[in-house]
Every structure is written in C-alpha cells, then in structure tokens.
Amino acid sequence: MRLPSIFRTTPFRLTLLFLALFAGAASAFLAYIYGVTALEVTRIADASITREVQSLEGAYGIGGREGLKRAMVERTQGDRPFLYLLQDPSGHRLWGTLPHGSIARFDDRNTDMVRFSVTRPGLNGGVNRELARGMRQKLTGGETLFVGQDVTEAEAYVFRIDRALGMAGALVVVLGLVGGIIVSRNVNRSVAGLNAVVAAVQGGDLRARVQLRGARDEFEELAVGLNDMLDRLEHSIGGLRHAGDAIAHDLRSPLTRLRTRLEMAILDVEAGKGDPKAALAQALEDADGVLRTFVAVLAIARLQAAGSAPDQAAFDTGQLAADIAELYEPLCEERDLDFKAELSPALQARGNREFIAQALANILDNAVKYTPAGGAVMLRTRRRSSGEVEFSVTDTGPGVPDGQRERVVQRFVRLENSRNQPGAGLGLSLVAAVAEAHGGRLELDEGPGKIGEMGPGLRVALVLPRAA
Amino acid sequence: MRILIVEDDAEAGAAMVRGLSDAGHAVTHAADGKLGLTAASEGPFDVLVVDRMTPNMDGLTMVETLRRQGDQTPVLFLSALGEIEDRVTGLKAGGDDYLVKPYAFAELIARVEALARRRETGSVQTLLRVGDLEMDLIGRMVRREGKEIDLQPREFQLLEYLMRNAGQSVTRTMLLEKVWEYHFDPQTNVIDVHVSRLRSKIDKGFEKAMLQTVRGAGYRLDA
Chain A
1 MRLPSIFRTT
11 PFRLTLLFLA
21 LFAGAASAFL
31 AYIYGVTALE
41 VTRIADASIT
51 REVQSLEGAY
61 GIGGREGLKR
71 AMVERTQGDR
81 PFLYLLQDPS
91 GHRLWGTLPH
101 GSIARFDDRN
111 TDMVRFSVTR
121 PGLNGGVNRE
131 LARGMRQKLT
141 GGETLFVGQD
151 VTEAEAYVFR
161 IDRALGMAGA
171 LVVVLGLVGG
181 IIVSRNVNRS
191 VAGLNAVVAA
201 VQGGDLRARV
211 QLRGARDEFE
221 ELAVGLNDML
231 DRLEHSIGGL
241 RHAGDAIAHD
251 LRSPLTRLRT
261 RLEMAILDVE
271 AGKGDPKAAL
281 AQALEDADGV
291 LRTFVAVLAI
301 ARLQAAGSAP
311 DQAAFDTGQL
321 AADIAELYEP
331 LCEERDLDFK
341 AELSPALQAR
351 GNREFIAQAL
361 ANILDNAVKY
371 TPAGGAVMLR
381 TRRRSSGEVE
391 FSVTDTGPGV
401 PDGQRERVVQ
411 RFVRLENSRN
421 QPGAGLGLSL
431 VAAVAEAHGG
441 RLELDEGPGK
451 IGEMGPGLRV
461 ALVLPRAA
Chain B
1 MRILIVEDDA
11 EAGAAMVRGL
21 SDAGHAVTHA
31 ADGKLGLTAA
41 SEGPFDVLVV
51 DRMTPNMDGL
61 TMVETLRRQG
71 DQTPVLFLSA
81 LGEIEDRVTG
91 LKAGGDDYLV
101 KPYAFAELIA
111 RVEALARRRE
121 TGSVQTLLRV
131 GDLEMDLIGR
141 MVRREGKEID
151 LQPREFQLLE
161 YLMRNAGQSV
171 TRTMLLEKVW
181 EYHFDPQTNV
191 IDVHVSRLRS
201 KIDKGFEKAM
211 LQTVRGAGYR
221 LDA
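Chains as they are written, first to last, in the numbering used here: chain A, 1 to 468; chain B, 1 to 223.
Do not rely on the hints blindly, as some may be mistaken.
As the list claims (entries may be wrong) - Quick list of in silico lysine-lysine cross-link-like pairs, DSSO-like style, CA-CA up to 30 Å:
#1 B:Lys34 to B:Lys92
#2 A:Lys340 to B:Lys92
#3 B:Lys92 to B:Lys178
#4 A:Lys277 to B:Lys101
#5 B:Lys201 to A:Lys340
#6 A:Lys369 to B:Lys34
#7 B:Lys201 to B:Lys147
#8 A:Lys369 to B:Lys101
#9 B:Lys201 to B:Lys178
#10 B:Lys178 to B:Lys208
#11 A:Lys340 to A:Lys450
#12 B:Lys147 to B:Lys101
#13 A:Lys369 to B:Lys178
#14 B:Lys34 to B:Lys101
#15 A:Lys369 to B:Lys201
#16 B:Lys147 to B:Lys92
#17 A:Lys369 to A:Lys340
#18 A:Lys369 to A:Lys273
#19 A:Lys340 to B:Lys208
#20 B:Lys178 to B:Lys204
#21 B:Lys101 to B:Lys204
#22 A:Lys369 to A:Lys450
#23 B:Lys147 to B:Lys204
What the hints assert, rightly or not - Quick list of the computed label-pair ranges, beta carbon to beta carbon:
#24 B:Arg215 to A:Gln202: 43 to 51 Å
#25 A:Gln202 to B:Asn189: 51 to 59 Å
#26 A:Ser386 to B:Ala14: 55 to 63 Å
#27 A:Leu255 to B:Arg215: 24 to 32 Å
#28 B:Lys34 to A:Val295: 25 to 33 Å
#29 B:Glu181 to A:Leu280: 48 to 56 Å
#30 B:Asp185 to A:Ala248: 18 to 26 Å
Rather than coming from a laboratory, the hints here were simulated on the basis of the structure. Since this is a predicted model, take the numbers as computed values, not measurements. We treat Cβ as the ideally placed atom computed from N, Cα and C, and that holds for glycine.
Please model the complete structure; the sequences and the hints are all you need to start from.
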C-alpha cells in the first residue's frame with residue numbers, strides 16, 4: 001500500500017520514532033504508578049483486615065463464642081463496618097453481616113486474602129454488587145471466622161487512576177501524531193519550495209528563485225543561500241555568454257579587414273601592380289593585430305566573467321609602481337616627455353600584481369602615445385581620505401572631452417584624434433575590467449588644464465578598495 | 001642541436017620541424033605524449049618542445065614523468081592556455097619556459113636556442129665574457145676593453161641576459177619576461193628604448209657595435 005506522501009516525509013518518520021520512544025517511556029512510568037497505587041490500596045485493606053481478625057481472636061480467647069459475637073455486634077456500629085461471618089465447625093452460619101454462601105469459594109486450604117463480591121438488595125429494589133476482600137481464620141474451638149471489608153471505593157479509585165492513565169496514553173499518541181503531521185506539513189512546505197526551484201534550475205531555468213517567507217529559520221537561510229548561489233551562477237553564466245558574443249563580434253571586423261587585404265593583394269599581384277612580399281608582410285602584421293586583440297578581449301572577458309581577479313595578495317603599491325615607472329621612464333625621455341613618479345611609501349593594497357601592473361602599463365602606454373613632445377607624464381600612488389588606494393597617471397596631452405570619458409572606456413572606442421596611433425582601443429577597457437575585478441573602479445578626469453598649446457590633459461585613476 | 005617536438009597538430013608540427021631544421025637543428029617529431037616519452041627516453045636531446053595538451057598522454061604528465069626519471073633536458077611548453085595560472089602549472093610540472101600559441105616563429109627559435117644555451121653554460125658562473133665585454137657578477141662590474149662601464153641595476157640585468165645568450169636572438173617578449181618578469185605585451189616600444197640606452201653605454205665610443213637589432217625577431221649580442 002502506498003502511504004500518503006506526508007507519512008513518507010523524514011520529519012513524520014522522526015516524529016513517529018520519537019513518539020514510540022516517548023510512549024514506551026510513558027507506559028513504563030504509568031505502569032509503575034499504577035502498580036504502586038493499586039498495591040498500596042490492597043495492602044492497606046489487608047492490614048486492617050488482619051488487625052481486625054487478630055482483635056476478634058482476642059475477644060474469642062476471653063469470652064468464647066459468645067464473647068466473639070458480642071464483639072462483632074459492637075463493631076458493626078462503626079462508620080465503615082467490616083463484614084463478618086462466623087460458622088460452626090460443620091460450616092453452619094452462626095452469625096454475621098454477610099449472607100451465607102457469598103464466600104462459598106473458600107475451602108480449607110485457603111486461608112489467605114480473597115476477593116469476592118457481596119450482593120445486597122438496593123434502594124429501588126435493584127441489586128447492589130459490592131466488591132470486598134476478606135480473610136478466613138479457623139478458631140481454636142473449630143469455628144470459622146470470616147472478616148471482610150468493602151473495597152468498592154478503593155477499587156473504584158484504582159480504576160479511575162487506571163482509566164486516567166489510559167486516557168493520558170491515548171492523548172499522548174494522538175497529540176504526537178497530530179504534532180508530527182503539522183511539523184511534517186510545515187517542513188514539507190518549506191522543502192517543497194526549495195525542491196521546486198532545484199527542479200526548475202535542473203530543467204534549465206536559471207532565473208527560478210525560492211520565495212522567501214520572512215521566517216528567520218534555517219530553511220529561510222538555506223533559501224537565501226540557494227538564491228544567492230543562483231544569482232552568482234546566473235551572473236557568471238551571463239558573463240560567459242556575453243563574453244562569447246563579444247569575442248565573436250570583436251574579432252569579426254579585424255578578421256574581415258585581414259581577409260579583404262589579402263584579397264586585394266591577390267588582385268594587385270595578378271594585375272602585376274603589387275609586391276607579393278610586401279602584401280604578405282602586411283597580412284602578417286594584420287594577423288598579429290588580430291591576435292593581440294584576441295588576447296586583450298579574452299583577458300577582459302575572463303576578468304568580467306570571473307567577477308574577481310585570481311591570486312590576489314597583499315603587495316606594496318610603491319614597489320609595483322616604481323617597477324613600472326622604471327620600465328616607462330626611458331620611453332618618456334626618448335619622446336621628450338618629463339616623467340615623474342610620486343609614490344606614497346609603505347602603502348599596501350590587495351590584488352593580482354600582474355593584472356595591476358598591466359593596467360598601469362596600459363594607462364602609461366596611452367599617456368605616452370597621446371602626449372606631445374615637451375609635455376609631462378606623472379605617475380602617482382596615494383591613499384585617499386576614504387582609505388581607498390589610488391594609482392593615477394596625469395598627462396598634459398589633449399585629454400578626453402567630458403562627454404566622451406564614459407565612452408573611451410568601452411571596448412574598441414577610439415576618439416577621432418587617436419586614429420593615427422597604433423592600438424585596438426582595448427587598453428582602458430582592460431584597465432576598467434582589472435579595476436572591477438578588484439572591487440575598484442577606473443576614473444577619468446581633466447588633467448592640469450591648458451598650458452599654452454598643451455592640455456587640458458587627462459588624469460586616469462585606478463582606484464582599489466581600502467585593504468581589509 | 002637535437003630537438004624533440006611533441007605536437008599532435010600535424011601541420012603545426014611540420015611547420016616547426018621545417019623552421020627548426022632550417023635554423024640548423026636536428027629535429028624529431030612525436031605526435032603524442034606517449035610517443036614523445038619513448039622518444040625522449042631514447043634521446044639524448046638538447047631541448048624538448050612539448051605541447052601542453054596532447055592525446056594519449058598530455059604534455060604535463062609526460063614532462064612530470066621525465067623529471068621523475070631524472071631527465072633534466074630543458075623543456076619549452078607550448079600552450080593555447082595563456083593565463084598566469086596555466087603558466088605556473090606548466091613551470092611547476094618541470095617546464096623551463098612557456099610559450100603561448102600562436103607565436104611568431106622567431107620567438108620559438110629564440111626561446112629554444114636560449115634553453116639549449118643555458119644548459120651548455122650551466123648556471124654557476126661568476127664571470128661572463130663576450131668578446132672584449134666582461135661582466136663580473138659578484139663585483140657587479142662591467143668592463144669593455146678594460147674600461148669600466150657604469151650601468152643602472154636594470155641595465156645590468158638586461159646585459160647579463162644578453163651575454164648569457166650571446167650570439168643568439170632574443171625577442172622583446174623574452175626580455176620583458178626574463179628581465180622585468182612581466183607577461184603582458186606593451187603597446188609601446190618600452191623595451192627598445194631600454195635596449196638603445198644600454199647600447200649607447202656599451203657600444204658608444206667603441207669600434208664594433210656588439211648589440212645588434214635582428215629584424216623581425218629582436219636583439220642579439222655578438223662577440
């Protein structure tokens with residue numbers, strides 16, 4: 001038989017297990033209470049019967065059969081009288097408050113306590129059955145004395161306890177089951193949401209998210225974690241897809257250019273106009289350009305897709321900037337640019353050295369390319385008052401007009417006056433990608449302003465977040 | 001020089017065989033890692049050029065196996081994987097140099113020859129001598145024709161690398177990698193400027209120009 005789904009849930013099974021354990025323990029406990037109570041009631045009754053028998057035996061010893069009768073008669077006046085029956089040695093009833101025959105089950109061997117019932121005529125002509133307990137004693141003259149006590153009330157008391165315990169047990173089981181079902185329902189509802197999302201994601205829907213209920217329990221925590229994980233997954237898959245599209249797009253045009261050039265070269269050579277070697281050399285150069293573009297685009301795409309630069313470690317910004325400055329200083333000198341480095345000492349940052357060095361190199365490449373001879377280039381590192389670490393390069397070149405600054409960071413954007421310079425227009429895009437992969441940003445500003453023919457210049461800053 | 005090429009791409013392999021043979025080397029070609037391992041064990045070779053990803057046994061495993069067997073032949077890894085991590089993995093596996101595909105042929109030849117050369121000269125040398133140029137690695141001094149030449153620390157490193165590879169072409173990328181330890185490709189001629197500065201110090205005023213520019217390849221220091 002197939003159980004309804006709720007009975008197959010883990011919480012319900014656990015509830016059943018705990019219920020069984022609890023019911024077992026409770027049963028043992030209740031059984032103990034019951035045993036102790038019932039036995040105690042019997043023991044008290046037995047003790048008083050035994051005392052009564054002993055006391056009547058004493059009366060018999062003093063006054064013989066008549067003395068005993070008297071004593072019994074006297075004692076029937078009490079509040080809760082004992083039940084008496086005196087028989088002669090041949091078994092005939094001599095005196096007593098019990099009708100003859102009610103203790104017929106007695107025989108000679110049986111001198112212990114016995115349970116029996118007494119039937120009396122009731123008030124409304126009915127019949128009352130009373131439960132009693134009694135003891136038989138052979139007297140020295142051969143008579144048989146029977147002393148009993150009505151235990152109806154005591155028995156009823158025990159019975160009530162018994163029933164209460166039974167009810168309690170049943171209640172435990174019922175409450176346990178109901179509780180189990182409720183708990184299972186709740187857990188089930190929470191888990192069902194999670195399972196639905198997992199199934200949706202497995203089915204390829206990366207946008208599925210768990211509905212949060214606002215409860216602060218571990219299911220909510222799990223749901224939040226799952227949603228967060230899916231966000232990241234969606235982001236990075238989106239990034240990869242975007243990167244793939246971008247690479248395809250970015251390479252198509254230079255490859256088309258290369259192809260066109262080769263085609264033109266063939267036509268020229270066929271017409272006897274061109275020099276095949278020059279055409280091949282040109283094609284090779286174009287191919288190198290495509291490859292450089294490819295490498296740069298791939299690096300940007302990887303950084304963007306990864307979200308965070310790999311192998312980040314603490315490094316000395318001054319050291320890194322000084323190394324790059326050392327690499328570029330002769331180049332500036334050769335181009336008649338005044339190069340200065342102003343490096344803040346003992347300034348630590350966290351990042352991937354190689355990427356940051358490359359970003360600085362790209363910024364310096366741009367500064368050197370666009371600043372006319374006689375100008376100046378300055379590399380600077382400093383800690384901002386916000387705690388962020390800034391690498392900046394300021395030049396006295398033409399700068400980038402305010403409205404264009406956003407644009408030059410985009411891939412392949414080259415301003416009109418840069419067309420005659422080599423480069424694919426990826427330099428600043430890579431710097432921006434490096435900055436973002438470190439949780440930082442790229443800032444473009446006006447340089448020192450107009451100085452004669454020169455300026456207003458450009459200030460490019462790579463800003464890294466405050467080291468934790 | 002005997003060179004073993006382990007490359008599964010037939011066309012790329014053939015091009016390498018031809019190029020390196022033209023440069024005057026004896027070249028053996030193995031089409032996968034297993035064949036490469038066998039060929040390398042049968043050696044000896046001066047340099048192994050190993051594609052990182054080859055069928056049957058990948059290049060990394062092949063070189064690791066060789067190194068475990070005690071074979072110390074210099075290895076140049078070729079790879080389509082150019083990330084820093086990939087490079088580090090290759091060098092950890094026992095590679096001596098790492099060249100990312102696609103590469104210029106001059107670059108490949110220059111690197112192969114540099115590796116072979118390094119092996120010949122060994123590493124423990126305190127005095128380098130190329131023609132009348134002398135470098136004292138302990139005293140950090142450079143002399144030409146007995147005259148002391150004053151060099152900046154980086155110029156000293158640059159010259160040391162050129163002297164260790166004297167007579168052979170070294171590319172700009174090699175210089176940037178080996179002297180500055182950067183693995184990117186600058187958009188400006190930063191390296192050329194450093195080399196011309198060095199050239200002005202070691203060649204100016206002397207009859208023979210030692211530091212040559214090799215068209216399409218890089219530089220060469222001649223005795």
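Exercise. Are the Cα atoms of lysine 34 (chain B) and lysine 101 (chain B) separated by 30 Å or less?
Worked result: With Cα atoms ~22 Å apart, lysine 34 (chain B) and lysine 101 (chain B) stay inside 30 Å; holds.
Problem set entry | Satisfaction of hint between lysine 204 (chain B) and lysine 147 (chain B), Cα-Cα up to 30 Å | Holds: lysine 147 (chain B) and lysine 204 (chain B) sit about 12 Å apart, inside 30 Å.
Problem set entry | lysine 201 (chain B) paired with lysine 178 (chain B) [C-alpha distance capped at 30 Å] | Roughly 21 Å separates the two Cα atoms, so the pair holds.
For this session: Could you grab the alpha-carbon distance between lysine 340 (chain A) and lysine 92 (chain B) and see if it respects the 30 Å cut-off?
Result: violated, 39 Å
Exercise. Is the Cα-Cα distance between lysine 178 (chain B) and lysine 208 (chain B) 30 Å or less?
Worked result: Within the cut-off at roughly 27 Å; holds.
For this session: With a cut-off of 30 Å on the C-alpha distance, tell me whether lysine 92 (chain B) and lysine 178 (chain B) pass.
Result: holds, 17 Å
Exercise. Would you say the C-beta atoms of glutamate 181 (chain B) and leucine 280 (chain A) sit inside 48 to 56 Å of each other?
Worked result: violated, 34 Å
Problem set entry | Distance restraint evaluation - lysine 34 (chain B), valine 295 (chain A), Cβ atoms, bounds 25 to 33 Å | holds, 32 Å
Problem set entry | Given hint lysine 204 (chain B) paired with lysine 178 (chain B) - CA-CA distance at most 30 Å | Status holds; Cα separation ~25 Å.
Exercise. Does the alpha-carbon distance linking lysine 201 (chain B) and lysine 340 (chain A) stay inside the 30 Å limit?
Worked result: Roughly 23 Å between the alpha carbons, so the hint for lysine 201 (chain B) and lysine 340 (chain A) holds.
Problem set entry | Pair hint lysine 201 (chain B) and lysine 147 (chain B), alpha-carbon separation not exceeding 30 Å | With a Cα-Cα distance of about 11 Å, the restraint between lysine 201 (chain B) and lysine 147 (chain B) holds, given a limit of 30 Å.
Exercise. Does the structure keep lysine 369 (chain A) and lysine 450 (chain A) at a Cα separation of 30 Å or less?
Worked result: holds, 19 Å
When each numbered hint is compared with the structure, violations occur for hints 2, 6, 12, 16, 18, 19, 21, 24, 29.
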